[in-house]
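Chain by chain, the residues run as shown.
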Amino acid sequence: MSAVIDSGHAHDEHAHGPYGGVMRWVTTTNHKDIGTLYLWFSFTMFLVGGMLALAIRAELFQPGLQFWHPEFFNQLTTMHGLIMVFGAIMPAFVGFANWQVPMMIGAPDMAFARLNNWSFWMLPVAATLLVGSFFVPGGASAAGWTIYAPLSTQMGPGMDLAIFALHIMGASSIMGSINIITTILNMRAPGMTLIRMPLFVWTWLITAYLLIAVMPVLAGAITMLLTDRHFGTSFFNAAGGGDPVMFQHIFWFFGHPEVYIMILPGFGIISQVIPAFSRKPLFGYSSMVYATASIAVLSFIVWAHHMFTVGMPTAGILFFMYATVLIAVPTGVKVFNWLTTMWRGSMSFETPMLFAVGFIFVFTMGGFTGLILAIMPIDIQLQDTYYVVAHFHYVLVAGSLFSLFAGFYFWVPKWTGRMYDEKLGKWHFWLSIIFFNVTFFPMHFLGLAGMPRRIPDYALQFAGFNEIASIGAFAFGLSQILFLWIALKVTVLGRGEEAGQRPWDGADTLEWTHLPSPAPYHSFHEQPVLG
Amino acid sequence: MTNRRVNAIGAALLALSGAAEAAYHWNLPTPVTRVAGEIYNLHLVMMGIILVIFVGVFGVMFYSIYAHRKSVGHKAENFHENITVEIIWAIIPFLILIAVAWPATKSILNLKDTASSDITIKATGYQWKWGYDYLRGEGEGISFLSNLSTPQDQITGKAPKGEHYLLEVDNPMVVPVGKKVRVLLTSNDVIHAWMVPAFGVKQDAIPGFVRDTWFRAEKEGVYRGQCAELCGKDHGFMPIVVEVLSTEKYMAWVGEQKKRMAAAADDPNKKWNLSELKARGEKVYAANCVACHQANGQGVKGTFPALDGSLLANGPRGRHIEIVLNGKRGTAMAPFGKQLSDTDVAAVITYERNAWSNKTGEVIQPSEIGSARK
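These protein sequences, in sequence, are chains A and B.
For the first sequence, our numbering assigns the number 1 to the initial residue and increments by one for each residue that follows.
For the second sequence, our numbering assigns the number 532 to the initial residue and increments by one for each residue that follows.
Chain A extracted, bound-state conformation:
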């Protein structure tokens, strides 16, 4: 009896750090705690950004102005974009990195534990500035998430709050990246050479380098914007010798790698899930690594394909078009590798696998439309229309978001020691993928017909598809409430079957083979030895 009590006591002491309650989370330096914080934070922001999206779709359900003034509508589209990109998708992947990278390389924690705490706790501050900007005079920034000058120099103080928020989030990302790179390069278990690392770790290593390279570029752009706004400089003001188009060049030099920052770790998750549920090793491991690296390198020389309509010289257009279509090659290699991994495997379709296969299917459609947009003459017709909106939601929702869902269902048994509700998980998948397509597929047709993006009201010829898209959006939004329940049930409420150390028989990375479920608060005190 006393042994039982003792072990319970010992368990308490080691279940988390020195503090309990809220202080546990404020002071934590544990990679698992911080991962959890990142994930809950990003999910909260996902719900906030989602509500903004529904406010947009409500206005667009019918032609005419029903709910919002045009200027508030512009605030909604701007903040939806900023919150989803910087508040939801990016921190969610950092959350996965925190939980998984140390466990997958056999390290006891992240390299810089206190820095890790700091990089998380900057985010709620930034989020408060961002969301709080709705309540300052003039409201939030309404210049689009791309905050193009000189429109953004016209905005009220909401723009300044957004700029500060982006600065803080950028600093947080850079610190997180330094931590991830140091951890991966220095703390791998003996025998885990670079070329034996799980692909999720590889993709995050490359992503972290991308972040360090481009977040300062964004910081530069928005700082110049800030001085243009308040200190009389003219970086982007032609009347003072500046150039508005220069803002776009700088922004997209950050922005295009940013797109890959939001998808490469997703590729990593999919590359763990597909082999696990095909019960077969990943096909073409090294070509996957090379493909990821080439996508990262190419991402630096394609930025101006976002600007085909600014009026570039012909030679510039041709260069950026050719470079852009080249990206199809490594991306194609990845898709073919995943398919070949599935080929002649022994597949089963639990929720993680459903999301992974759904990812391949829908993300590839986003890749196809990307190829169409890369062809400059076609882009002339489609630039700044709903076709672009459809394209990037196929890549970011069906791509990044679905990969995050796949990762959550895949790893949550390891995190909590319990299985999520499989039946509800499957419902979540089918509702998500169906209503995702109901929402975004019609937008391709809207774009082809010439409906510009970011407008609060539209001509009657666009009415039909907008109606369908709005219905789909509300159904998609409600489906995510189901996910909230599934997540609460397995994490906070701790309900679900015991998972056991290795619930997925095809999963063979260190966290499954060497650690019990739930993974102990401190794992890999002693380095595992790989054969």
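No lab work stands behind these hints: they were computed from the structure.
Don't take each hint at face value.
Computed, partial: chain B to chain A, Cβ under 7 Å [to be verified]:
(1) Phe593
(2) Tyr597
(3) Ile619
(4) Leu628
(5) Ala630
(6) Ala635
(7) Phe675
(8) Thr687
(9) Leu697
(10) Ile722
(11) Lys733
(12) Ala759
(13) Lys764
Here are the simulated lysine-lysine pairs, DSS-like style, with alpha carbons at most 30 Å apart [claimed, not checked]:
(14) B:Lys801 with B:Lys905
(15) B:Lys890 with B:Lys801
(16) B:Lys859 with B:Lys814
(17) B:Lys653 with B:Lys637
(18) A:Lys489 with B:Lys601
(19) B:Lys606 with A:Lys426
(20) B:Lys789 with B:Lys711
(21) B:Lys780 with B:Lys711
(22) A:Lys426 with B:Lys601
(23) B:Lys814 with B:Lys689
(24) B:Lys606 with A:Lys423
(25) B:Lys692 with B:Lys710
(26) B:Lys601 with A:Lys423
(27) B:Lys692 with B:Lys643
(28) B:Lys653 with B:Lys711
Stretches of chain A that chain B covers, calculated by requiring three or more beta carbons in the stretch to come under 8 Å of a beta carbon on chain B [stated by the list, open to error]:
(29) 135 to 145
(30) 459 to 467
Note that the Cβ used here is the ideal one computed from N, Cα and C, for glycine as well.
Mind docking chain B on chain A? Use the hints.
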């Protein structure tokens, strides 16, 4: 039970057929220029290629999902590396890309060739309307602004929406059929974009810079587009309408415009009285100011300042004239001196100083604006 289900299905079908009555456009608009035709075909070719790849790739995937399942007892094989296969599926897409890059390149060279045009028109983006100046060729010297003509009541749902809701303007751009029209684009405030899908034209209008594009419309008719770059509050309300006329009709239109412009030119020395200026100023206000400052002069709290009872409209007139002429840097207040004549500026300021609860009784003469410009 069955009855209820039948009813539900009936209702769903009804909803569907209702939706079917709403407009659905599935593809790019019918092209009326060679460039737009090339783009249309390029898009079809791309869709064809993509469809073939799609069927191939996902045919394999779904067959695999069907056949290689654990639940049907399929045992996993263990292959995981094959250099030959990897090289093949890197090279084949590469070859396909080269094949589509060739026609795309030809098309780019064509659409960037703005040389030897018959008519040159400058289009200027304003928040939130377009201005057209005919610079060269038949019609040289014609100049006008092009505003959205959809009534506010249709937008707010107080009146039924017309056929060309949000895609109609008071003064469309007019061009002759079959002539190469070069459009120079610039902007007065923020970046706008001039888009006419039927012509295959979209070009950003950038403040402080001039960019160009061109089209040669092959069919008479009215073609519509919208501003394509987010430019602030009324970005969705600054359409583009181009009327393509036969050469004879175009000549007649040019003659008419010249006459209208001569008639509209105001005598700079005319002395105006308060009621004349107020009446004219109200029209100028409705066309230029009402979007932000509102018809009641109250503005939008926190975003656009009120004029009714404001210091600006009741204080010294010099400051008022300066703001209207030169705008206010860092805000949406545009320098209207570039768009409006002396008489219009004088009228609108007189109106603002004598409308709503503002009762200065001041009359600002056009000559005063003329000297303020210097």
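- Hinted contact leucine 628 of chain B with chain A - closest CB pair below 7 Å: 5 Å, holds
- Message: Just to be careful: measuring from the Cβ of isoleucine 722 of chain B to every Cβ in chain A, is the smallest value less than 7 Å?
- Response: Holds. Min distance 6 Å.
- Between lysine 692 of chain B and lysine 643 of chain B, is the straight-line Cα distance small enough, at 30 Å or below? 38 Å, violated
- Item | Minimum beta-carbon distance criterion (7 Å), isoleucine 619 of chain B to chain A | 10 Å, violated
- Quickly compare the C-alpha distance for lysine 653 of chain B and lysine 637 of chain B to 30 Å and report which way the hint goes. Holds - the C-alpha atoms of lysine 637 of chain B and lysine 653 of chain B are around 27 Å apart, at most 30 Å.
- Query: Should the hint that alanine 630 of chain B touches chain A count as held when the rule is a Cβ pair under 7 Å?
  - Reply: With Cβ-Cβ at 11 Å, over 7 Å, it is violated.
- Message: Given the hinted pair lysine 426 of chain A and lysine 601 of chain B, is their Cα-Cα distance within 30 Å?
- Response: 18 Å, holds
- Check, residue by residue, whether the region 135 to 145 of chain A contains three or more positions whose beta-carbon lies closer than 8 Å to a beta-carbon of chain B, and give the verdict. holds (count 6)
- Between lysine 606 of chain B and lysine 426 of chain A, does the CA-CA distance stay at or below 30 Å? 24 Å, holds
- Holds or violated: lysine 890 of chain B to lysine 801 of chain B, with C-alpha atoms at most 30 Å apart: The hint holds at about 24 Å.
- Task: With a cut-off of 7 Å on the beta carbons, see whether tyrosine 597 of chain B makes it to chain A.
- Result: 10 Å, violated
- For the pair supplied as a hint, lysine 653 of chain B and lysine 711 of chain B, confirm whether the alpha-carbon distance does not exceed 30 Å. 14 Å, holds
In summary, the structure is inconsistent with hints 1, 2, 3, 5, 7, 25 and 27 from the numbered list given earlier, while agreeing with the others.
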